[in-house]
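Chains as they are written, first to last, in my numbering: chain S, 1 to 455; chain H, 1 to 326; chain R, 1 to 322.
Quick caveat, the hints were computed from the structure, so don't treat them as lab data. Heads up, the beta-carbon is just placed ideally off N, CA and C, and yes, glycines get one too. Watch out, some of these pointers could steer you wrong.
Only pairs whose alpha carbons sit at most 25 Å apart, straight line, appear in this in silico SDA-like list of lysine to any residue [claimed, not checked]: (1) Lys189/S x Glu225/H; (2) Lys131/S x Lys110/H; (3) Lys43/S x Gly246/R; (4) Lys108/H x His65/R; (5) Lys110/H x Ala322/R; (6) Lys251/H x Ser35/S; (7) Lys251/H x Glu200/H; (8) Lys243/H x Thr133/H; (9) Lys32/S x Glu292/R; (10) Lys164/R x Gly107/H; (11) Lys257/R x Lys131/S; (12) Lys257/R x Gln21/S; (13) Lys218/R x Lys273/R; (14) Lys164/R x Pro57/H; (15) Lys24/R x Ala52/S; (16) Lys86/S x Asp28/S; (17) Lys199/S x Pro57/H; (18) Lys121/S x Ser270/H; (19) Lys89/R x Gly107/H; (20) Lys131/S x Ile183/S.
Listed below are several chain S residues computed to face chain R (Cβ distance under 10 Å; list not exhaustive) [as the list claims (entries may be wrong)]: (21) Leu7; (22) Val29; (23) Ala41; (24) Val237.
With the Cβ distance kept under 7 Å, some of the chain S side facing chain H (calculated, not the full set) [said to hold, decoys possible]: (25) Gly144; (26) Thr171; (27) Pro172; (28) Thr173.
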Amino acid sequence: MAVEVVLPALGLTVEKGTILQWLKREGDVVTKGESLYEVEADKVTTEVESPASGILKKILIPEGVEVPILTVVAVITEEKEELPEKYRTMAVEKPEKKVEPGAPKIQEPSVFLTSGPTEIKAPPAARRLAKERGVDLRAIKGSGPGGAILVKDVESFLIKGMPAGPKVLTTPTARKLAERESIPLSFIKGTGISGRVMKADVMAAKSPPKVSELKPRPPVSKYQLGQVIPMNSIRKVIAKRMAQSKFTAPHIYFYNDVDMEKLFSLREEFLTELEQVHGIRISMNDFFIKATALALLEYPLLNSKVSGEEIHIFPEINIGLAVAMEDGLVVPAIPRADQLSLVEIALYRADLVERARQAKLTIEEMERGTFTISSLAQFDITFFTAILNPPQSGILTLGKVEPKPVVMDGQVVVRKTMRQGLSVDHRIIDGAVAAAFLQSLKKKLENPYTTFVKL
Amino acid sequence: MRELTFREAVVEALDMALERDPRVFLLGEDIGYYGGLFQATQGLLQKYGEDRVMDSPISESAIIGAGIGSAIVGMRPIVEIMNIDFMPVCMDQLVNQAAKMRYMFGGKMKIPLVIRCTCGAGRGGAAHHAQATHGVFMHFPGLKIAVPGTPHDVKGLLFTAIEDENPVLFVEDKMMYNVKGEVPEGYYTVPFGKAAIRHEGEDVTVIATLRMGYRALAVAKEMEEKGIGVEVIDPRTLCPLDKETIINSFKKTGKMVIVDEGNRVGNFGSEVASIIAEEAVDYIQAPILKVTAPHVPVPYSPVLEKFYIPDEERIRQAVYRVLEYA
Amino acid sequence: MKASKSLMLEMLKKMLEVRYFEEKVVDQYARGAVPGLAHLYIGEEAVAVGACMNLTDEDYITSTHRGHGHCIAKGGELKPMMAELFGKKTGYCKGKGGSMHIAAFEKGILGAMGIVGSGGPIATGAALGIKRQKLDRVVICFFGDGASNEGATHEAMNFASLHKLPVIFVCENNLYGISVAQHRHQAIKDIAARAAGYNMPGLIVDGMDVLAVYEAVKEAVKRAKSGKGPTLIECKTYRFRGHHEGDPNLGARYRMKEEIAAWRKRCPIECLKDKLIKDKIAKQRELDEMEEDVKRRVEEAFVYAMESPFPNPEEALEDLFA
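Modelling step: build the complete structure from the supplied sequences, incorporating the hints.
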């Protein structure tokens, strides 16, 4: 039986060794325990004994070669035995490298921290409460040490819908009681040390306070004259992108007045029934979204982006709807709006807007838009222009709907009218295309039955 | 109910243990004719004889080794290392042998050994006779650790320690020996791994070991009158540790102070803070504070020693500090 | 009193078991199959076997990091011993102890210890327990010349002698504490001389002569059981290989090759075999058969170990507390 001679494990830390000298030659008779060769490892020279008696049939590793431990360096066979096949062609064969278990993959933390950016000082309990109740920590002023946002600040914000007022001295018991009774601490007169609000004071406050004892209400706006507000991360991003868009894409602006009477009637007609059947109230925006999408099908150049020296027309029509938030704007997009029914658009729209307000959108929802609609219809303004939402090439603005005198069939009549605006990237969209688009959109909205009712 | 001092409770417990079980015997320096340096084994040699209450040479390794070997072959030894300061002398026998032999040898043998020792500063014992390093031994798996905080508990915990089939480090705070408390007659046990809530409250959780419990309690009573609720918890055993009671209290208050006489770094409180940060992170409302001895050896001069030992004022300051986050 | 033929053959068999077991470990360790460290008893077989021949399963021993010899001599079975070295579930310690921490409680083996000198206090403790319970048993504490300098050993001997405990301190003086020769690590030449310092008898014995060791320990056991207390027996012996496997050139870094060769000539197994043949107590064929049988059983134990499963990873958390 052939016996392998391996370079033995030479100590806890040794990994390699070099055979300095073979003490026996190929073909020699060897006995078990006899020194076979000298090996050097980690500056130490050791003699290695033969593991068996027989003939040193083949030396596989010559002198002067460094090999890892456990390498087969020679083969010993019995007297008349042939050398097994596999050793005949083995030269300096390295044994299987031990596979080191890879270092555990470190998960990159998700970029979006739904519990609020970490520059904000707030202990974990306050963060958790804010997250659970969908409160943006950036809206809360902290009253704790170093401006930390405490649990009571979040609670107070939830009760009043506005940031906690100046720090009121109180005891924890009194504070808890005040919250339970939904009485803001600033409304309670404190009779404790340094004007501290004590439990008894809260009890007394449960009965309606006299007018003269009421402290003045905090102001409505959270901004004050002379205040310096550092930009938070969202504001920084918006500022950067707006600048980038405006100074990269040459904007040209168009506007059109659209007669809304028929659209209003159509909506009236179907509103209740659709609500009963599908559980959703169709809004005017839903119609705009659908109509815009259909118009983009006809003029796909407005559903594109500039990429180096190419124009890439987006593969889908995802209409983004600008939603105003506390500190800025987000634009979630309704996907493939051209293919969705009005009800489906309405369902998407309602969900996205609700979650936008709670800061619970996914990145994908915010970045998939290919064309944007921005509406200030709830404000008493006629018209406004918008800056493109990069990398998009078109954005539609909607002003308020107001009754205006127009001439129809030679008569002056009063019709509900909306002034719509369009900004486009003039690098790739010329006036004629933009005008044609706007014209098509107007036609769709003014003939809503044809547009929206599938026969 | 009758009141005994902490010391009297220890003597009574050892007396009853020696009486009930012939396998129990004591071994330690000066525990026999002298009755123990702190008189905690007073009168026992006279009652049970030299074979059962053995005076030992000053050989800490031999003491622990004797305990280990005799426990393996069927006795139930209660050995004593006079001061926890001396534990490093016999550290190998304690943490490498007693704590590990059961595990190392595949769970085949039991070592029902109790090792009593004393800790605590306040009598000018200075660097080598006043340490409170009980927290350090939590790091060694296989060793249970009892830190009784009242005369009632020292008796009950000692009986539990003797019944336990594992090595138990039983730490007696030498400054508590004269403290009086209610101690029931007869045999009763206090379970390992079950903390005691000494005072209830909703605003701050204070964990306090050994005689720090009394100081924390005094502060709690004072705060109560001001309308602030301080919950004081005595862990009773560091291993096994009653995490459940501690975490439940913390979930209620969101604020924690740990009071332990050990030095600052690697204090028992460090482990508790780590447990909270891991298992109750969402409830943290304020920084988790440790009130400990400063990170120096125990100084000698009374003025310096007083500065060293955590007192009520430091506990009070810590409570106020976490209340700033209320 | 002369030992009987059966006793001598038994001693030879045990020494052969130790020798073949250790040789197997040499081979497997070189192939990288044994995790950790291995400290082998080759050359010292006479000490463990000669001493333990005086004990029953009810007596106790504490061992050292060089513990395979003690454990086999005390009755440790080859299969669970081999399995333990390979970290298998079927090992004496369920894979938790390994070579340096082998224990077989049911055979009175209180454990091999990785800490030099730690066995003394524990052996003393076991002897205390025996005395208190008035059991007719003894404890043998094996320790080396290196351990004789540890404080714990001194404490144990003092305590044992003071209380006249039934423990026998068997010192295996193999002339080196790891790599430091005895004359460089202690001021005395004969460790047995220290016994006087503890007021107990101290004997020097030729550790390569299994019968001499046997006789000396026999006396000590009698003394211990009659309540006269401990004895210190110093066995002059030698390990043929390095301190641990991997110690270059079998310890030739710090030992002269001539010295190693000289001691090898005094191999306790060869010496006993020669004596048995020369004194016509046994025939060559008997001895050859015995050797073949031992070889076979060691090989069986090896196969058993190879075929045994590893413990489940989660078992690492078990057996901490009773």
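Outcome of the hint check:
1. Pair hint lysine 189/S plus glutamate 225/H holds up; C-alpha atoms about 21 Å apart against a cutoff of 25 Å.
2. In summary, the hint linking lysine 131/S to lysine 110/H is not supported, as the alpha carbons are separated by about 51 Å, beyond the 25 Å threshold.
3. Restraint check: the Cα-Cα separation between lysine 43/S and glycine 246/R comes to about 14 Å, which is no more than 25 Å; the hinted pair holds.
4. A distance of roughly 19 Å separates the Cα atoms of lysine 108/H and histidine 65/R; the hinted pair therefore holds under the 25 Å criterion.
5. The hinted pair formed by lysine 110/H and alanine 322/R meets the criterion: a straight-line CA distance of about 7 Å does not exceed 25 Å.
6. Using a Cα cut-off of 25 Å, the hinted pair lysine 251/H and serine 35/S is violated, with the two alpha carbons roughly 71 Å apart.
7. Under the criterion of a C-alpha separation no larger than 25 Å, the hint pairing lysine 251/H with glutamate 200/H is consistent with the structure, at around 14 Å.
8. Between the alpha carbons of lysine 243/H and threonine 133/H the distance comes to roughly 21 Å, so the proposed pair stays at or under 25 Å and holds.
9. For the hint linking lysine 32/S to glutamate 292/R, the alpha-carbon distance of about 17 Å falls within 25 Å, and the restraint holds.
10. Distance check on the hinted pair: lysine 164/R and glycine 107/H sit about 31 Å apart at the alpha-carbon level, beyond 25 Å; violated.
11. Between lysine 257/R and lysine 131/S, the direct Cα distance comes to roughly 76 Å. Violation of the 25 Å bound is thereby established for this hinted pair.
12. The hinted pair formed by lysine 257/R and glutamine 21/S meets the criterion: a straight-line CA distance of about 19 Å does not exceed 25 Å.
13. Proposed proximity of lysine 218/R and lysine 273/R is supported: the alpha carbons are some 22 Å apart, at most 25 Å.
14. For the given pair, lysine 164/R sits about 14 Å from proline 57/H by alpha-carbon distance, which is consistent with the 25 Å threshold.
15. As the CA atoms of lysine 24/R and alanine 52/S are separated by approximately 13 Å, the hinted pair is consistent with the 25 Å bound.
16. Of the supplied pair hints, the one linking lysine 86/S and aspartate 28/S holds, its CA atoms being roughly 21 Å apart against a limit of 25 Å.
17. With a CA separation close to 63 Å, the supplied pair lysine 199/S and proline 57/H exceeds the 25 Å bound.
18. For the hint pairing lysine 121/S with serine 270/H, the CA-to-CA distance comes to about 23 Å; that is within 25 Å, so the pair holds.
19. Restraint check for lysine 89/R and glycine 107/H: satisfied, since their Cα atoms lie roughly 12 Å apart, inside the 25 Å limit.
20. At most 25 Å may separate the alpha-carbon atoms for a hinted pair to count; lysine 131/S and isoleucine 183/S meet this at roughly 23 Å.
21. For leucine 7/S, the interface hint holds, the least distance from its beta-carbon to any beta-carbon of chain R being 9 Å, beneath 10 Å.
22. Taking 10 Å as the C-beta contact cut-off toward chain R, the hint placing valine 29/S at the interface is violated, the least distance being around 21 Å.
23. Contact between alanine 41/S and chain R, as hinted, is supported at the beta carbon level, the nearest pair being about 8 Å apart and thus within 10 Å.
24. For valine 237/S, the shortest C-beta to C-beta distance to chain R is roughly 47 Å, which exceeds 10 Å, and the interface hint is violated.
25. At its closest, the beta carbon of glycine 144/S sits 5 Å from a beta carbon of chain H; the interface hint therefore holds under the 7 Å criterion.
26. Against a cut-off of 7 Å between C-beta atoms, the interface hint on threonine 171/S holds, since the closest Cβ of chain H lies about 5 Å away.
27. At a threshold of 7 Å, the smallest CB-CB gap from proline 172/S to chain H is about 5 Å, leaving the interface hint in force.
28. Proximity of threonine 173/S to chain H holds as hinted, the smallest CB-CB distance being about 5 Å (cut-off 7 Å).
Of the numbered hints given earlier, the model fails hints 2, 6, 10, 11, 17, 22, 24; all others are met.
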